[in-house]
Amino acid sequence: MKQTCRMILALCLPLLLCGPAWAAHSGPYAGVFLGGNALMAATSNDSLGEFDLRFTPGLLGSAVVGWDFEPGNAAGEGRIELEYSHRINQLDKARFADGVAPAGGNLTADSLLFNFYGVFHGEDRSWSPYVGAGLGAVRIVTSDLTVTGGPLSNDSALALAYQLGLGIDYALTERLSMDLGYRFFSSTRPKFSEVNGPAFKMDYLNNSVVLGLRVGF
Amino acid sequence: MRNLLWSGLVMAVLLSGCGWSGSASRPNTITPLTSITITAAYSTIAKGTSVKLTATGDYSGLFTRDISNQVVWSSKMPAVANFATNVPNRVAGQTPGSAVLTATMGGVSANFDLKVSSATATTVTITPANPSIALGLNQQFTATGTFSDGTVQDITFDATWASGNTTVAKVSNAADDNTGGVATSPQESVTGTTTITATFGAVNGVGGINGSTVLTVTAPVLQSIAVATSNNISSVPSLSTVSFTATGTYSNNTTLDITSQVNWVSSNANVAPAPLFSGTLASTQTVTQGTTTITATLGTISGTTTLNVTGGNLASFPALTNMTVVNGTSVPISVTGNFSNASARDITGALKWSIANPTFANMTTVSPNRLLIRGLAPGTTTITAASPGSAGQISTAYLTVTNTRLNSFSVSPQAGLALMAGTSGRLTATANFSNGTSQDVTANVTWGSNSTAVATVGTVGPTGERITGRATGATTITASFGNLILTTPVPVSVSTRTLKSFTIIPSGTVSVVAGNQTSFTVTATYNDGTTVDITSDVNWTTGDGNVAILPDPQNQPGRVVGVGSGTSTSLTATFNGQTATVTLNVQ
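Chains as they are written, first to last, in my numbering: chain A, 1 to 217; chain Y, 1001 to 1587.
In short, the hints are calculated from the structure, not lab data.
A virtual CB, placed ideally from N, CA and C, is assigned to each residue, including glycine.
Hints are not guaranteed to be accurate.
[Stated by the list, open to error] A partial selection of chain Y residues facing chain A, derived with a Cβ cut-off under 7 Å: (1) Trp-1020; (2) Arg-1026; (3) Pro-1027; (4) Asn-1028; (5) Ile-1030; (6) Thr-1031; (7) Thr-1056; (8) Gly-1061; (9) Thr-1104; (10) Leu-1137; (11) Ala-1174; (12) Phe-1575.
[Stated by the list, open to error] With the C-beta cut set under 8 Å, the calculated list includes, among others, these residues of chain Y facing chain A: (13) Pro-1032; (14) Ser-1035; (15) Leu-1062; (16) Lys-1076; (17) Ala-1269.
[What the hints assert, rightly or not] Pulled from the structure, derived: some chain Y residues nowhere near chain A, Cβ distances all over 10 Å: (18) Thr-1029; (19) Phe-1063; (20) Gly-1107; (21) Asp-1149; (22) Lys-1170; (23) Thr-1191; (24) Thr-1193; (25) Ile-1209; (26) Val-1221; (27) Thr-1300; (28) Pro-1553; (29) Gln-1554.
From just these sequences and the hints, can you work out the full model?
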């Protein structure tokens, strides 16, 4: 199995790096992404004190529509887009003053962001690195969060969200490109009600790696 | 590009947050309680005594917690053993027998079997025996009963407590675990002894077995020491004199100034040596910039404060030059020091001065930076100035006191002064001697005003005798020196105008270097457009003495020395109820 993977990589990498150089697309585009996300241990506070929630890595899916600026555009080379993303993570453990306890339930985040990416096009290559940032809103849902079987929270909250991202576009054709990227996604601290207690606020800091396809029109 | 990719990957790993950070403070109130365990000091108690039960909750096997105050306690045999109302987890034996006690919480419960015996108390012992406490402190006593069946039991909660002399100490008979058997000697108590008694088994106050001990209340003892600088500042320039006070707080909550009793220590003598007590304060002179902790200790009690010294280290000061002063007259002396941070300031008052032969001359400190040398007898001696610190600079010069005859003296300006009411001007006097020399004798002249309602004479400063206009009118200022009287008194006219405004110059935001002296002036503008320098007439203040100070407001009005670099404060001049302010940024 390992050998097969190595062979595929050995064959694909030269193709990716040495493929034909396509003219940079300009105009509208749409795309879909899939990837994995890791939520950082979330420091949370309520009126009883501070506690931490740790989540297992989960999946990320997103869809984008946007506009590629023309090469040489006075505003800079890049693209602006509207992105909807869905992230899901399972609560794994909770740490209180008494120690760490097993936990369960899902935390989902649906976000809508305006992103701007600066793209560094090259004349004789088909891949282009990009870096950018986004701003928008996120709806985070605590779905049946439990600690040692006891209910913690089953609520949702809206928060302001932002995202920093970087990656590489690889032009497969003049209109189709593949995108491998990293996203750091965070929000203002959402506030959730507890099932049997006061409301708590928690951090939401997420790291994601995504692979996607974008089609230009 | 490769660097960019690697940066992203590294950032992703760093931010992935695989572990916990910080510490949690919230108790886990979510994990379900699965069992309760009840424990007690005794499983059998004598009738009339009590025991406290402890309920420990086990939460799903993850952790345990004392839930004694959260469970609901109940007795299946209340006639045998029942719970107290003020301490819910304390159960008292009512009659001999057995009782099942239950603790319940969240649907989980546990039982405890308690037996009540018919044993009677044979002795009561109070511990500690014959203790002493300082006035204002408390003493917890414990009563232990020995019973007829040979058992021994803590009956502190069950005994009746009494103090034989309540002016010395009282003892609490409250039926709770925190104050029962606690003897107190509040502030209004007196020192002395009292007998503390614990009685068990009395019926309506009659009978029972008791035990006693003697409690001695002694004079209050020191509990803590608060150290403070006399002006509550923590930052000063080098070569500054800083005074400290030590205030002790005693066991009866009284406070006392113990500045003279404590032992003073400085953690860094290079920054400032240990303060020495003199008069009412303990003072030290800062040497180099840095931080030191000043500690005051009395017995085993200590208090500290931190002193931050800024303004650079003294690099040098100009060598003294030989001086001549006429016998019976005074001359000022002034020294400016150069510091390691390129600042310079007047250090006259910071140097240690000495005159080799004090029969020829002496020195008088008029204000922090104004020093006068007065000739006492003809002759030649030496005057020495030394900077503080083990590696301080020393400079010596000859001081000659001459014996010459006074020929004449004059006052300047001869034309006199034209003052606004409330403002002041300066006059100086110069004497001419038979040996052909002349000398400023302003400090030695006797000044007077022919109408103090119009103008008054004040103190002598570096720029002359201060004449202050009081009300509209005209007067003359007289002056006499030795056996001479000024033949033509100096005219002074005082007028009154309405103050329009006044301004500190330089204005706005002014940057000053820590340790450097910067001079400000104030110019007043009157309704007729007249402008007058009122630098000496305003009251100067800085907003925060830790940021900037006025080293000698009496003789150096408007002179500021920066202290706390990187900070800012206000410099305010107040005159006739109005204020003007500039901002000082200390670098």
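Query raised in the report: So which hints don't hold here, by number, going up?
Result: 7, 8, 9, 10, 11, 12, 14, 16, 17, 18 and 19
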